[in-house]
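S.K.: Listed here are the chains, written in short residue letters.
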Amino acid sequence: MKYLNDLENKSIYILREAYANIKNLAMLWSIGKDSTVLLWLTRKAFFGHVPFPLIHIDTAYKIPEMIKYRDKLTKKWKLNMIYGINEKALAVKKTFKSGNVNRIECCENLKTKALEDTLNASGSRYKFNHQTGKYHLDKSKEVFTGIILGIRSDEEGSRSKERYFSVRDKNNQWRVGEQAPEFWDQYNTDLPPKEHVRIHPLLDWTELNIWEYIEREKIPMVSLYYNKGQGLRYRSLGCYPCTFPIKSKAKNNKEIIKELKLGKLKNIAERSGRAQDKDDNGGLESLRRRGYM
Amino acid sequence: MKAKSIKKNKLSQQTGLKPVSIAFVGHVDHGKSTIIGRLLSDTGVIADGKIERIKKNCADNAKPFEYAFLIDALKDEQTQGITIDSARVFFKTNKRKYIIIDAPGHIEFLKNMVTGASRADMAVLVIDANEGLQTNSFRHGYFLSMLGIKKIIVLINKMDLTGYRKSVFNSICNEYSVFLKKIGISADCFIPVSGKFGDNIFSSGKNMPWYKGKKLLDALDNINVCENDSNEDFRMWVQDVYKFTEDGDSRRIIAGTVNNGKVGVNDNIVFYPSGKKTAVKTIERFPVKKAKSIFKNEAVGFTLKEQLYIKRGQLMCLENENRPYVSCDFLANIFWLGDKPLTAGTNYILKIGTQKVSAVITDINNKIDAVTLKETKKVKKINKNEAARVEIKTKEPIVFDTVDMIQETSRFVLVDDIQISGGGIILKELISSNKAVVDECIDRNFHWVKSAIPIEEKIEKYGQKPKLIIVTGIEKSDRKKFARNLEKKLFLSGRKVYFLGIGSVIYGVDADLKNTDKKTDRQEHIRRLSEIANILLDAGLIVIISASELSLKELDKIKTFVSDFDVIPIWFGESAKKGFEGAATLNSISKIIVKI
Chain A
162 MKYLNDLENK
172 SIYILREAYA
182 NIKNLAMLWS
192 IGKDSTVLLW
202 LTRKAFFGHV
212 PFPLIHIDTA
222 YKIPEMIKYR
232 DKLTKKWKLN
242 MIYGINEKAL
252 AVKKTFKSGN
262 VNRIECCENL
272 KTKALEDTLN
282 ASGSRYKFNH
292 QTGKYHLDKS
302 KEVFTGIILG
312 IRSDEEGSRS
322 KERYFSVRDK
332 NNQWRVGEQA
342 PEFWDQYNTD
352 LPPKEHVRIH
362 PLLDWTELNI
372 WEYIEREKIP
382 MVSLYYNKGQ
392 GLRYRSLGCY
402 PCTFPIKSKA
412 KNNKEIIKEL
422 KLGKLKNIAE
432 RSGRAQDKDD
442 NGGLESLRRR
452 GYM
Chain B
232 MKAKSIKKNK
242 LSQQTGLKPV
252 SIAFVGHVDH
262 GKSTIIGRLL
272 SDTGVIADGK
282 IERIKKNCAD
292 NAKPFEYAFL
302 IDALKDEQTQ
312 GITIDSARVF
322 FKTNKRKYII
332 IDAPGHIEFL
342 KNMVTGASRA
352 DMAVLVIDAN
362 EGLQTNSFRH
372 GYFLSMLGIK
382 KIIVLINKMD
392 LTGYRKSVFN
402 SICNEYSVFL
412 KKIGISADCF
422 IPVSGKFGDN
432 IFSSGKNMPW
442 YKGKKLLDAL
452 DNINVCENDS
462 NEDFRMWVQD
472 VYKFTEDGDS
482 RRIIAGTVNN
492 GKVGVNDNIV
502 FYPSGKKTAV
512 KTIERFPVKK
522 AKSIFKNEAV
532 GFTLKEQLYI
542 KRGQLMCLEN
552 ENRPYVSCDF
562 LANIFWLGDK
572 PLTAGTNYIL
582 KIGTQKVSAV
592 ITDINNKIDA
602 VTLKETKKVK
612 KINKNEAARV
622 EIKTKEPIVF
632 DTVDMIQETS
642 RFVLVDDIQI
652 SGGGIILKEL
662 ISSNKAVVDE
672 CIDRNFHWVK
682 SAIPIEEKIE
692 KYGQKPKLII
702 VTGIEKSDRK
712 KFARNLEKKL
722 FLSGRKVYFL
732 GIGSVIYGVD
742 ADLKNTDKKT
752 DRQEHIRRLS
762 EIANILLDAG
772 LIVIISASEL
782 SLKELDKIKT
792 FVSDFDVIPI
802 WFGESAKKGF
812 EGAATLNSIS
822 KIIVKI
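Residue numbers (the working numbering), protein chains in the order written: chain A, 162 to 454; chain B, 232 to 827.
Worth double-checking, as some hints may not be accurate.
[Stated by the list, open to error] Think about it this way: if two alpha-carbon atoms lie no more than 30 angstroms apart in a straight line, the pair counts; the simulated DSSO-like pairs of lysine-lysine are:
no. : chain 1 : residue 1 : chain 2 : residue 2
1   : B       : 698       : A       : 184
2   : B       : 826       : A       : 355
3   : A       : 415       : B       : 328
[Stated by the list, open to error] Example chain B residues on the side facing chain A (calculated, C-beta under 8 angstroms, incomplete):
no. : residue
4   : 362
5   : 532
6   : 536
7   : 651
8   : 654
Simulated from the structure, these hints should not be mistaken for laboratory data.
Note that beta-carbon positions come from the ideal geometry of N, C-alpha and C, so glycine has one too.
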């Protein structure tokens, strides 16, 4: 398992660089396998502590079990948990489920816009209070200038173009062609005003690495990833109107690893259960350039 | 057929190994992406969805499907036909897994080629047999040597366009070998291939019976990427010092990733550039895992036997091993990727490991043409994508190794404005004008008698960070009055503060100084004043000193002596001298106090 150690070491280095260099730092926790591995790595990097807030973008359409799992771990690991939500778009029903917009527009409203507004504090943020055990409106107007994300370069084309530290401009846009070089474990940590940096510690990991690591470290996962007897499991998690399970008999980590190794899923893209990708001609690219994760 | 033979592999062979990363480099349109596409389909890693999407895209653009589009997945690139960035793709052979890094060949995107190639264990350099050696065939070779990549395979591609002639292959190989030798690289092998038809990629094919060497896949599998470090001196950049107090955690952890060698519990360690010495108490990890020693590349933490005031940017070393250099001046080979040319005399930010300092290029010895290797003397600037040998001066002393000692701790980047714009490797230390001061501080810190009360505890108890306030300005002024007023105001606001007047030193500590040469005396006065201030700062105080018309050089000298502590230089008078934080008058004390 030497290569898992190498991946772990590199990710920890990146996390510590982010913490040392970026003032207002937060981590995006989507509740999925990748960002939960990232959360685990954070606890490793900081010796059991998570020294920055975790942000979840709630679309109000998340599979309910995801929210339950989020709050369980929040309490168990004493996390500084914040969720952001685009209440305006939901109020006027600008969602795919209500039939008013298409999938791509829905993603832009409930995820891209919600993320942008949560980071710059213009949207509603709710913070978990460990005393009351409930979420309360977060009155702080702190603007996050650095956000750690669990994206991997093997997921799809545009993500393989990412740097470990990737600067986004004030309109949240990603200028792929203009990225500064990044080499020898040195990152672009200085930010122009109004811009923010996205940090990608998992860029070198594959889906298989993620599962092998979850198994090795015994990281608790939301059970939606496992087949509970119906021959179905989720391979990627999102909003229920646009996320569908795949056919799979894998009941636990070991069986998922075997499934991936045997190439059973070779002809199915990891995000094939995510309907918004198919509606966007260039994979996720046009979504991502405008700030999607 | 080819894919099947891969699938048959036992699973066990494919796990437990680190994937090897390969960068494909070379001139634009020499066929790098085509070869990668060929490798991916021959090793059976292409998912159906991916091909269909690319096919659809090709159809939409009325273009024939090409393997190259697999990598050039972004819409932009397919319309332009060039790879913008370094895409990463994974595949596996019987022996091991690979990550492919496709580095763009277009000169416009050299910065992306550098980004991609710097992550690689090995490089495959692709040359078009039909077009022959082009500028980027050379330039990329040169940059690989600068980046420290030593395992290289050279592919002579598009042999199909030359009628698979041996003579074409041989003549390119000969010419290119001469170049590689000059930059200190020896290629693992040269292979004649056709990316389009697959000759010598996975199997030999029938077109080049005269070639008896390795096919690409065999050549890749045969390269040993394990580094044989000749130097095993322990090195670790301090990334941070953590003291998380939640849940009653009282550990003070020095965190970092081991850059070279190994270290164990109880080993005597020294931090540079400060020269502070102690021993390792424990190795820290989460979840708790007992370890007696720790090796290269491991991300860890340490607690120390004695509490030292350590900050990010120090290099942790072993006392009984070779020590690194500590200096402000060094000679380096650099490459420049910034749009704005690099010029001598301009300030840049230099980052080496976790150190970050202001630096200036004091001299460009010569410019090196990365294509012809011709050297030009007497140049004033280095343009984008050029290389040079330069002398660099940092504002504060930094710690480093030279490239012949340890590669990792000899590499630095230069930041122009806010973007990484260049990289370099240190060839040798140059003797700084302040060498005596630097050496004295290292020696003093090495032998410093440590208090049982760590400085952090003093900071907490006194509710203040020790700081040195230097008040300077023209000779005949109310400087002393200002310093005393400042002391009083700070004192009344509850601060532990001490004004150390020069007169208190000259006739006491400095009583033995009776040089007729006033300049020598002045420098010795400053040295002694700084050393006394350093002791008072270590006690946890805010210290105010006053001296007339300090030069920037003298200010830097004082800063070196008290390098652990924050220094606030104040110019007393109407208009401040360059390098000082604004001018201060007797009426502006309250404004200054806010900063302290």
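S.K.: Hint by hint, note whether the structure agrees.
M.R.: Right, here's what the structure says about each hint:
no., hint, in the structure
1, B:698 <-> A:184, "holds (23 angstroms)"
2, B:826 <-> A:355, "holds (25 angstroms)"
3, A:415 <-> B:328, "holds (20 angstroms)"
4, 362, "violated (25 angstroms)"
5, 532, "holds (6 angstroms)"
6, 536, "violated (19 angstroms)"
7, 651, "holds (5 angstroms)"
8, 654, "holds (6 angstroms)"
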